[in-house]
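Chemist: Here are the chains, one letter per residue:
2 protein chains.
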Amino acid sequence: MLERTHQCGKITKADIGQTVVLNGWVQRRRDLGGVLFIDLRDRSGIVQIVFNPEFNEEAHAIADRVRNEYVLAVRGTVVERDPETVNPNLETGEIEVRVEEIEVLNPAKTPPFFIEDGIEIDEAIRLKYRYLDLRRPEMLNTLMLRSKAAKIFRDFLDERGFLEIETPILTKSTPEGARDYLVPSRVHPGEFFALPQSPQIFKQLLMVGGIERYYQIARCFRDEDLRADRQPEFTQVDIEVSFMNQDQLLEMMEELICRVFRETIGVEIERPFQRITYEEAIGKYGSDKPDLRFGMELVDLTDLAANCGVKVFASVAQKGGQVKAINAKGCGTWSRKEIDDLLPFAERYGAKGLAWIQVKDGEMRGPIVKFFTEEELAELKTRMNAEDGDLILFSADTKKVVADVLGNLRLKIGRDLGLIDDNVYKFAWVVDFPLLSYDEEEKRYVAEHHPFTRPRDEDIHYFDEDPSKIRAQAYDLVLNGYEVGGGSMRIYKREIQEKMFKALGFTMEEAYDKFGFLLDAFEYGTPPHGGIAFGFDRLVMLLAGRKNLRDTIAFPKTANATDLLCDAPSEVSDKQLEELSIRVALRPPASK
Amino acid sequence: MLERTHQCGKITKADIGQTVVLNGWVQRRRDLGGVLFIDLRDRSGIVQIVFNPEFNEEAHAIADRVRNEYVLAVRGTVVERDPETVNPNLETGEIEVRVEEIEVLNPAKTPPFFIEDGIEIDEAIRLKYRYLDLRRPEMLNTLMLRSKAAKIFRDFLDERGFLEIETPILTKSTPEGARDYLVPSRVHPGEFFALPQSPQIFKQLLMVGGIERYYQIARCFRDEDLRADRQPEFTQVDIEVSFMNQDQLLEMMEELICRVFRETIGVEIERPFQRITYEEAIGKYGSDKPDLRFGMELVDLTDLAANCGVKVFASVAQKGGQVKAINAKGCGTWSRKEIDDLLPFAERYGAKGLAWIQVKDGEMRGPIVKFFTEEELAELKTRMNAEDGDLILFSADTKKVVADVLGNLRLKIGRDLGLIDDNVYKFAWVVDFPLLSYDEEEKRYVAEHHPFTRPRDEDIHYFDEDPSKIRAQAYDLVLNGYEVGGGSMRIYKREIQEKMFKALGFTMEEAYDKFGFLLDAFEYGTPPHGGIAFGFDRLVMLLAGRKNLRDTIAFPKTANATDLLCDAPSEVSDKQLEELSIRVALRPPASK
Numbered sequence: 001m002l003e004r005t006h007q008c009g010k011i012t013k014a015d016i017g018q019t020v021v022l023n024g025w026v027q028r029r030r031d032l033g034g035v036l037f038i039d040l041r042d043r044s045g046i047v048q049i050v051f052n053p054e055f056n057e058e059a060h061a062i063a064d065r066v067r068n069e070y071v072l073a074v075r076g077t078v079v080e081r082d083p084e085t086v087n088p089n090l091e092t093g094e095i096e097v098r099v100e101e102i103e104v105l106n107p108a109k110t111p112p113f114f115i116e117d118g119i120e121i122d123e124a125i126r127l128k129y130r131y132l133d134l135r136r137p138e139m140l141n142t143l144m145l146r147s148k149a150a151k152i153f154r155d156f157l158d159e160r161g162f163l164e165i166e167t168p169i170l171t172k173s174t175p176e177g178a179r180d181y182l183v184p185s186r187v188h189p190g191e192f193f194a195l196p197q198s199p200q201i202f203k204q205l206l207m208v209g210g211i212e213r214y215y216q217i218a219r220c221f222r223d224e225d226l227r228a229d230r231q232p233e234f235t236q237v238d239i240e241v242s243f244m245n246q247d248q249l250l251e252m253m254e255e256l257i258c259r260v261f262r263e264t265i266g267v268e269i270e271r272p273f274q275r276i277t278y279e280e281a282i283g284k285y286g287s288d289k290p291d292l293r294f295g296m297e298l299v300d301l302t303d304l305a306a307n308c309g310v311k312v313f314a315s316v317a318q319k320g321g322q323v324k325a326i327n328a329k330g331c332g333t334w335s336r337k338e339i340d341d342l343l344p345f346a347e348r349y350g351a352k353g354l355a356w357i358q359v360k361d362g363e364m365r366g367p368i369v370k371f372f373t374e375e376e377l378a379e380l381k382t383r384m385n386a387e388d389g390d391l392i393l394f395s396a397d398t399k400k401v402v403a404d405v406l407g408n409l410r411l412k413i414g415r416d417l418g419l420i421d422d423n424v425y426k427f428a429w430v431v432d433f434p435l436l437s438y439d440e441e442e443k444r445y446v447a448e449h450h451p452f453t454r455p456r457d458e459d460i461h462y463f464d465e466d467p468s469k470i471r472a473q474a475y476d477l478v479l480n481g482y483e484v485g486g487g488s489m490r491i492y493k494r495e496i497q498e499k500m501f502k503a504l505g506f507t508m509e510e511a512y513d514k515f516g517f518l519l520d521a522f523e524y525g526t527p528p529h530g531g532i533a534f535g536f537d538r539l540v541m542l543l544a545g546r547k548n549l550r551d552t553i554a555f556p557k558t559a560n561a562t563d564l565l566c567d568a569p570s571e572v573s574d575k576q577l578e579e580l581s582i583r584v585a586l587r588p589p590a591s592k
Numbered sequence: 001m002l003e004r005t006h007q008c009g010k011i012t013k014a015d016i017g018q019t020v021v022l023n024g025w026v027q028r029r030r031d032l033g034g035v036l037f038i039d040l041r042d043r044s045g046i047v048q049i050v051f052n053p054e055f056n057e058e059a060h061a062i063a064d065r066v067r068n069e070y071v072l073a074v075r076g077t078v079v080e081r082d083p084e085t086v087n088p089n090l091e092t093g094e095i096e097v098r099v100e101e102i103e104v105l106n107p108a109k110t111p112p113f114f115i116e117d118g119i120e121i122d123e124a125i126r127l128k129y130r131y132l133d134l135r136r137p138e139m140l141n142t143l144m145l146r147s148k149a150a151k152i153f154r155d156f157l158d159e160r161g162f163l164e165i166e167t168p169i170l171t172k173s174t175p176e177g178a179r180d181y182l183v184p185s186r187v188h189p190g191e192f193f194a195l196p197q198s199p200q201i202f203k204q205l206l207m208v209g210g211i212e213r214y215y216q217i218a219r220c221f222r223d224e225d226l227r228a229d230r231q232p233e234f235t236q237v238d239i240e241v242s243f244m245n246q247d248q249l250l251e252m253m254e255e256l257i258c259r260v261f262r263e264t265i266g267v268e269i270e271r272p273f274q275r276i277t278y279e280e281a282i283g284k285y286g287s288d289k290p291d292l293r294f295g296m297e298l299v300d301l302t303d304l305a306a307n308c309g310v311k312v313f314a315s316v317a318q319k320g321g322q323v324k325a326i327n328a329k330g331c332g333t334w335s336r337k338e339i340d341d342l343l344p345f346a347e348r349y350g351a352k353g354l355a356w357i358q359v360k361d362g363e364m365r366g367p368i369v370k371f372f373t374e375e376e377l378a379e380l381k382t383r384m385n386a387e388d389g390d391l392i393l394f395s396a397d398t399k400k401v402v403a404d405v406l407g408n409l410r411l412k413i414g415r416d417l418g419l420i421d422d423n424v425y426k427f428a429w430v431v432d433f434p435l436l437s438y439d440e441e442e443k444r445y446v447a448e449h450h451p452f453t454r455p456r457d458e459d460i461h462y463f464d465e466d467p468s469k470i471r472a473q474a475y476d477l478v479l480n481g482y483e484v485g486g487g488s489m490r491i492y493k494r495e496i497q498e499k500m501f502k503a504l505g506f507t508m509e510e511a512y513d514k515f516g517f518l519l520d521a522f523e524y525g526t527p528p529h530g531g532i533a534f535g536f537d538r539l540v541m542l543l544a545g546r547k548n549l550r551d552t553i554a555f556p557k558t559a560n561a562t563d564l565l566c567d568a569p570s571e572v573s574d575k576q577l578e579e580l581s582i583r584v585a586l587r588p589p590a591s592k
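Residue numbers (UniProt numbering), protein chains in the order written: chain A, 1 to 592; chain B, 1 to 592.
Just so you know, the hints here were simulated from the structure itself, not pulled from any lab data. Hints should not be assumed to be uniformly reliable.
What the hints assert, rightly or not - Cβ-to-Cβ under 7 angstroms is the rule here; a few derived chain A residues that face chain B: (1) 108; (2) 131; (3) 134; (4) 158; (5) 163; (6) 169; (7) 181; (8) 492; (9) 526; (10) 555; (11) 569; (12) 583.
Even for Gly, the Cβ is constructed at its ideal location relative to N, Cα and C.
Can you make the complete structure from the sequences, with help from the hints?
Modeler: Rendered as structure tokens:
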């Protein structure tokens with residue numbers, strides 16, 4: 001075999017006159033009057049190679065039988081192109097390689113789609129032929145970026161004394177959280193391992209173990225019904241530290257994230273990141289992962305609405321609900337139909353209707369205007385900062401529904417109006433999440449994050465007064481409307497842990513039943529600790545400017561949790577099941 | 001909380017006079033005439049802190065209640081120790097810290113074992129309290145070494161353009177190989193994922209996908225009955241390249257391994273590594289993973305034995321078996337009983353007896369001596385390089401049994417005689433493995449490595465003549481008697497693959513049934529490729545000088561595939577099983 005000397009995409013004018021050996025795939029091939037021009041592609045890029053019977057008759061004859069995606073080895077001389085044939089779109093566009101020797105390393109069938117960017121093709125085909133899909137530059141570049149991002153995470157953490165430690169994949173089913181993937185044990189019939197939803201327990205145990213700084217780029221598993229942005233197995237950058245407080249950790253993590261963005265896509269992110277409380281995020285943006293690239297903040301009108309003539313507003317306000325609105329700047333000229341078209345969208349988030357006011361020619365217009373007094377309208381206009389050409393959209397409901405409806409309308413209208421700049425990266429820490437929320441079904445408080453999340457010191461007295469008021473030392477990192485990371489400081493003092501379990505309605509005995517070995521561990525000198533996990537797939541998606549998590553994963557699964565390439569899951573032999581002491585027990589179709 | 005300013009183990013004389021804040025665990029505590037001396041430990045090491053009522057009465061009173069493994073934060077001043085109290089065994093032995101303020105961050109129960117190296121304690125206890133075990137310096141150091149080794153692997157490969165790419169954990173059950181761990185699919189009732197035994201198929205698909213250089217520190221799974229040096233989940237450094245030949249790959253891998261050894265334990269390994277063919281390894285050392293730190297090579301005496309008077313030797317030699325021997329230097333003085341004690345060991349490897357000759361006072365002695373002629377004895381002495389004080393041990397059997405018996409005797413005696421230097425690292429590549437071996441049960445050839453292993457070009461004609469003669473482009477890296485890595489160049493030409501399947505007794509249709517999507521992929525322009533995988537757990541074990549794979553893994557499983565810390569596997573709820581459409585089907589105890 002001809003031994004490669006150069007990469008296709010890296011040959012420059014400096015190589016002119018040199019003999020090079022290239023290996024790669026045929027991107028395309030043209031015959032111009034008996035001279036063959038082939039674009040040869042390898043991982044580094046493309047170079048034009050030329051076969052002319054005058055250079056070498058045999059090589060030309062062989063090249064004549066070559067088709068797209070054939071794998072070639074060629075030896076030739078780098079020459080300058082004629083000025084009129086220079087290709088400014090190609091890194092190597094100023095040169096070409098005159099081939100004197102060719103070896104066809106392998107032929108190729110015609111692929112089911114072209115190996116090029118921006119193809120419009122059913123994703124199922126791309127996934128089935130993933131090995132061809134990965135040859136496309138946009139996929140290759142995403143994988144290269146992913147590899148580079150992982151390297152930067154590791155380098156940064158390594159420099160700061162974090163140890164990379166692997167935690168088990170075959171572990172124990174957890175009583176709380178999402179649905180586990182199970183693995184039957186052959187050695188212990190009737191027993192099962194579970195795949196970890198996260199290394200949470202192990203990373204806390206590592207802190208008890210004196211590791212002080214741990215990280216892992218860890219595979220995690222959740223057997224949930226998949227949405228577009230979920231995968232049954234996903235990757236997180238998992239981090240835990242001892243003897244640091246929340247501010248110290250967040251500061252270090254900002255530095256980390258900034259380095260990842262700088263060194264992958266060359267974007268400088270300003271520090272410190274904005275910090276916004278959970279209350280403020282929900283209040284202003286209707287979301288705990290606000291997209292901060294544009295305004296259109298939610299404005300609270302509950303006090304104003306409490307006594308107004310719009311009955312539904314007044315009634316909601318008086319019953320402890322909220323009345324809020326957003327100002328869709330420039331939509332004051334929308335037709336009634338255009339506004340009504342928003343209703344089905346709003347209903348998806350729980351809206352029962354969608355009240356609105358347009359400002360046109362200095363006047364407030366719309367069906368509900370007549371129920372307001374002049375003074376109320378003036379106050380409304382001021383508060384909403386409403387001008388000619390604006391559209392005010394209202395929501396009156398529970399706090400949660402108002403946030404969902406207006407939060408999502410804000411995003412939709414922001415996108416539709418082009419208010420969102422794809423080249424801007426707006427990070428924020430959302431902090432002060434509530435520690436507990438009251439579960440109406442279970443009639444008890446449940447942990448918002450998990451039962452080991454540390455409350456803020458100054459809120460501990462609320463355990464006895466009103467647990468719903470306790471703020472947690474928990475934080476999410478949000479970027480452009482996505483949650484890209486989250487974590488918390490953990491409880492390390494027994495008396496706080498006891499208060500927490502009591503608030504959750506567990507006796508210490510019940511708590512031991514559920515979390516036995518972790519609570520045991522905590523008895524032997526647990527340091528103050530806390531951590532964070534970044535969603536690596538999603539971060540790569542945002543770095544690469546892709547719209548789909550699957551594009552960031554070499555071999556992803558479909559929304560149906562299927563691997564179309566290797567056809568998994570699949571049936572297995574009876575012998576395998578018997579060895580595992582299990583049997584398939586299909587439910588009748590009706591109960592599915 | 002007092003904010004840490006320094007790490008315990010890193011305070012030096014240069015810090016004298018400084019105020020420092022330390023966080024850590026109480027290693028031990030002594031009260032000398034009312035002055036308390038505490039060894040405070042964190043990840044970096046130990047420093048002595050001193051509480052004297054004269055420095056601070058309150059701090060002294062608090063410290064008086066402190067016990068081993070309490071977690072402390074202290075503020076104090078670094079002072080030089082009196083010359084007579086300097087501790088030369090401690091990095092920080094020249095200084096101590098006079099404490100002015102102390103905070104007990106957490107108390108601790110008395111741990112079930114001391115936090116110190118070299119403890120003699122049931123491993124089950126260490127595994128159950130792994131979080132305490134990890135605090136012991138030898139465990140912490142092993143995890144630090146593991147983290148560092150991973151970093152060096154990654155840095156080296158990254159520098160050479162390898163992309164780190166994650167492959168699926170939830171994948172398809174493979175028809176060949178070891179037993180799979182299975183994962184029932186909830187979405188596809190009656191179907192199962194399998195956990196990967198290695199990323200083999202995916203890394204080859206990545207080469208088809210044009211990645212050219214791939215690596216991953218990958219978790220792999222095998223549901224085998226465990227031996228001391230096996231874990232159900234283990235880690236390999238998985239590597240695959242395109243457009244390189246075997247020599248180029250092995251050279252690069254040598255450089256990689258040398259760097260790992262240099263930068264972790266400061267050992268310089270000589271390059272190039274010795275290369276030894278499979279035939280030679282079996283012939284000289286009775287093993288395809290020879291320990292090359294000492295000689296005692298196997299000597300072939302089959303020709304000599306064929307006509308000798310020892311009937312069993314002559315008969316074996318005439319029937320195509322082998323007669324070989326090793327020379328245990330210096331064991332010529334062993335008693336009959338000492339020699340006989342080797343028999344049960346030899347029998348474990350298939351020996352039916354153990355013939356021997358001792359050389360004493362210039363004379364050959366032993367029960368079989370009389371069956372040899374003077375000339376034969378002289379020839380034997382020459383070939384065995386036998387001198388006074390030597391013991392020659394014979395094996396006469398099939399090639400395989402002879403290799404097993406003498407290979408293992410060689411190792412045992414080498415160890416017993418102290419011939420093996422623990423500080424020497426003898427690497428070798430074992431190359432030219434046979435491509436195929438004949439399976440007497442299945443009455444067909446089976447692949448020694450896997451069905452995609454590339455044969456040596458010059459052996460391809462043997463497909464038609466004698467497939468057993470074909471040598472593979474397959475290689476193992478051995479170190480001190482352990483296989484620490486292995487791989488092969490892969491078949492990429494269809495006509496060779498067809499010959500291979502034919503030799504294995506498959507039609508192309510049967511082959512497609514078994515390996516469908518990979519063969520499909522190979523049709524679309526597959527580059528020449530090959531790869532290797534290093535056993536990361538084992539490499540770390542050898543680097544750390546540990547005897548047990550479990551000591552290299554933060555949370556390992558027992559030989560019984562159990563996690564004693566979190567009690568996995570365990571029973572799960574009926575609801576979970578129902579959702580997965582499976583049922584436990586315990587076999588009656590008798591059939592277990």
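Chemist: Hints first: check each against the structure and report whether it holds.
Modeler: Do the hints match the structure? See the list:
no.	hint	in the structure
1	108	3 angstroms, holds
2	131	4 angstroms, holds
3	134	3 angstroms, holds
4	158	6 angstroms, holds
5	163	4 angstroms, holds
6	169	6 angstroms, holds
7	181	5 angstroms, holds
8	492	6 angstroms, holds
9	526	5 angstroms, holds
10	555	5 angstroms, holds
11	569	4 angstroms, holds
12	583	4 angstroms, holds
Hint compliance for this structure: no hint is broken.
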